[in-house]
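Novice: Please model the complete structure; the sequences and the hints are all you need to start from.
Note that the protein sequences, when read in sequence, are chains A and B.
Just so we're aligned: 70 in our numbering is position 70 of the first sequence, and the numbers increase by one with no gaps anywhere.
Just so we're aligned: 59 in our numbering is position 59 of the second sequence, and the numbers increase by one with no gaps anywhere.
Please keep in mind that the hints were generated in silico from the structure rather than gathered at the bench.
Hints are not guaranteed to be accurate.
Here are the computed lysine-lysine pairs in the DSSO-like style, where the Cα-Cα straight-line distance is at most 30 Å [to be verified]:
#, chain 1, residue 1, chain 2, residue 2
1, B, K57, A, K41
2, B, K83, B, K57
3, A, K41, A, K68
4, A, K41, B, K14
5, A, K37, B, K9
6, B, K57, B, K14
7, B, K70, B, K9
8, B, K71, A, K3
9, B, K9, A, K40
10, B, K70, B, K57
11, A, K41, B, K9
12, A, K67, B, K57
13, B, K14, A, K40
14, B, K9, B, K71
15, A, K40, B, K83
The model shown is predicted, which means the values in this text are computed figures rather than measured ones.
Take a look at the letters that make up each chain.
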Amino acid sequence: EDKVVQSPLSLVVHEGDTVTLNCSYEVTNFRSLLWYKQEKKAPTFLFMLTSSGIEKKSGRLSSILDKKEPFSILNITATQTGDSAVYLCAVDNFGNEKLTFGTGTRLTIIP
Amino acid sequence: DGGITQSPKYLFRKEGQNVTLSCEQNLNHDAMYWYRQDPGQGLRLIYYSQIVNDFQKGDIAEGYSVSREKKESFPLTVTSAQKNPTAFYLCASRDRGHTEAFFGQGTRLTVV
Numbered sequence: 001e002d003k004v005v006q007s008p009l010s011l012v013v014h015e016g017d018t019v020t021l022n023c024s025y026e027v028t029n030f031r032s033l034l035w036y037k038q039e040k041k042a043p044t045f046l047f048m049l050t051s052s053g054i055e056k057k058s059g060r061l062s063s064i065l066d067k068k069e070p071f072s073i074l075n076i077t078a079t080q081t082g083d084s085a086v087y088l089c090a091v092d093n094f095g096n097e098k099l100t101f102g103t104g105t106r107l108t109i110i111p
Numbered sequence: 001d002g003g004i005t006q007s008p009k010y011l012f013r014k015e016g017q018n019v020t021l022s023c024e025q026n027l028n029h030d031a032m033y034w035y036r037q038d039p040g041q042g043l044r045l046i047y048y049s050q051i052v053n054d055f056q057k058g059d060i061a062e063g064y065s066v067s068r069e070k071k072e073s074f075p076l077t078v079t080s081a082q083k084n085p086t087a088f089y090l091c092a093s094r095d096r097g098h099t100e101a102f103f104g105q106g107t108r109l110t111v112v
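Specialist: Set out below in structure tokens:
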């Protein structure tokens, strides 16, 4: 069974801090790892990672994948209150198109 | 406007009743998914479908049923056999292959 474990489960930091969110996984036929941000209802897509060691970056957010361990991290620098959300990690199984999500990390940014 | 539409947004059900949640997409995506989210939890996969007239059980399929008679539609029925159905339900779709999934706005189901 495919499995995704995220840590920490929740995190409270002050505006301007840098945070690192972790995602480890087990999957039978790895195709990709995806990060999503969920503020209220529908999760919105952030990154898709397929290769180890190649950083994906979008503004203050960046992510990298290590297929050997295996895990991924999501970094957010100079955090803002608008970054408060649940961050979800998912793995894509090549063999059966199954998309398995983790428990999420709830990030709260204090002004 | 292309996207995924879930309806209704809020649904109340009496114990012992079956209810059906609607999910429609006009993105021409092959694969569709149903997830359940409980407070403070991540997404747990209920059912998914790769193509029309085919679907597979996810990790928590007991007490749920689905159909995929049309490419654009993937309704989820929450049956009376589901012991704890109160939750937030999310539908997603994506192209087959190497792409991200797009989500609907969700249906919040409450058993009263």
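Novice: Of the hints given before, which are not true for this structure?
Specialist: Of the numbered hints given earlier, the structure breaks just one, which is hint 3.
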